[in-house]
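*Asks:* Let the hints inform the model, and build the full structure from the sequences given.
Take numbering that gives the first Met the number 0: the final residue in the sequence shown is number 351, and no numbers are missing along the way.
Hint data in this document are derived by calculation from the structure and do not stem from the laboratory.
Predicted model only: the values in this text are computed from it and were never measured.
Under the rule of at most 27 Å between Cα atoms (straight-line distance), these lysine-lysine pairs were calculated in the BS3-like manner: (1) LYS205 x LYS184; (2) LYS209 x LYS71; (3) LYS209 x LYS184; (4) LYS182 x LYS205; (5) LYS349 x LYS209; (6) LYS196 x LYS71; (7) LYS71 x LYS185; (8) LYS209 x LYS185; (9) LYS71 x LYS205; (10) LYS184 x LYS196; (11) LYS71 x LYS184; (12) LYS182 x LYS71; (13) LYS205 x LYS349; (14) LYS182 x LYS196; (15) LYS196 x LYS349; (16) LYS185 x LYS205; (17) LYS196 x LYS185; (18) LYS209 x LYS182; (19) LYS196 x LYS209.
With beta-carbon atoms standing in for the labels, derived distance ranges: (20) ASN111 x LEU37: 49 to 59 Å; (21) ASN111 x ILE230: 21 to 31 Å; (22) THR317 x ILE29: 24 to 34 Å.
Quick reminder that beta carbons are idealized off the backbone N, C-alpha and C, glycines included.
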Amino acid sequence: MLLGGRSDKIQGEDSFVKNVTTIEISLRSILLTIGTLLLLLVAWQIRGVLIALFISFILMSGFAPLVDWLVKRRIHRTLAVIATYFLAIGFFAILLFVVIPPLIKEIKEFVNNLPVYINWISITFSNSNVPGITADNLAQIVSSRLDTALSNVLKVVLNVFSVFLLFIAVAVFSFYLLLERDKIKKNLHHFLPHLPKERVDSLAYKIEEKLGSWVRGEIVLMIIVGMLTYIGLTLLRVEFALPLAVIAGLLEIIPNVGPTISAIPAVIVAFVQAPILAIGVLALYILVQQLENNLIVPKLMEKAVGLSPLVIIFALLTGGSLFGIVGALLAVPSAAIIHVIVEDYLEAYKRD
0 MLLGGRSDKI QGEDSFVKNV TTIEISLRSI LLTIGTLLLL LVAWQIRGVL
50 IALFISFILM SGFAPLVDWL VKRRIHRTLA VIATYFLAIG FFAILLFVVI
100 PPLIKEIKEF VNNLPVYINW ISITFSNSNV PGITADNLAQ IVSSRLDTAL
150 SNVLKVVLNV FSVFLLFIAV AVFSFYLLLE RDKIKKNLHH FLPHLPKERV
200 DSLAYKIEEK LGSWVRGEIV LMIIVGMLTY IGLTLLRVEF ALPLAVIAGL
250 LEIIPNVGPT ISAIPAVIVA FVQAPILAIG VLALYILVQQ LENNLIVPKL
300 MEKAVGLSPL VIIFALLTGG SLFGIVGALL AVPSAAIIHV IVEDYLEAYK
350 RD
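*Replies:* Structure below.
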């Protein structure tokens, strides 16, 4: 009986030993993990530079077809890049020359009429019988907010200066990326030695083509939406039509969310003029949005991005949470790159 019990105990111990799983972590794995964490830490510290490089890569993808077209006409690459830059600068200079003077004029008119708007808001809310809100305390709240905004002028100036420096850095980076584009493509496979060179070249081409189509389509889309909005607001005789149209065009770069945000100030301005006019402005923005979704975007952006609205909204929320407004602006091209990489991986997996 005792022997039988000891035998069962020995068999149980053998079974326990057999079921033990040994996990071995090599020194190489530990060093690789530490190196990856350090690399991510450094990348986070220099995220401003990396964002500038990413924007430069997007612009390079947008300008590349024109540079290639000029090079095929036997124009030296350096001259082709310079000519492309001059054309782009000339286009935006003409656009600014047409837009800026009337824009400044209307902004000055808005600032001059600001007390009238504050007074209208105060009277409207004081007559609405909302508890705790009177004309005096509402005017005081609005005035204090304006004082706070004016006290932050220095911060605004510094932010504008930072944006200007970022613009210069992006322009320089894009210039050299366009110059060295062929060399970069030839040496790209050295950074991905485990992948065949043909696959790396194909992946780089797909990413560049998608980003280039996106940036060119986005510029055209912003101009079209801005012009349609300006024409509609002018026909409705809404004040400050040009600044509102510029806002609508610029916010078009943020898909799905941007058009909704741009409609808010337009409806408010129209409501101050006449409540019935606000309904017309809201109808105008809905009409422009429908034209954009059903006619303009399918023609311009369908092949460029190829992402579902759900993926785009998720990308916008993620990018905005991580990097603020810059992250939201770069969310769609980032999602497009990830989409290309995932598609390439799945195609390779099916072939294998």
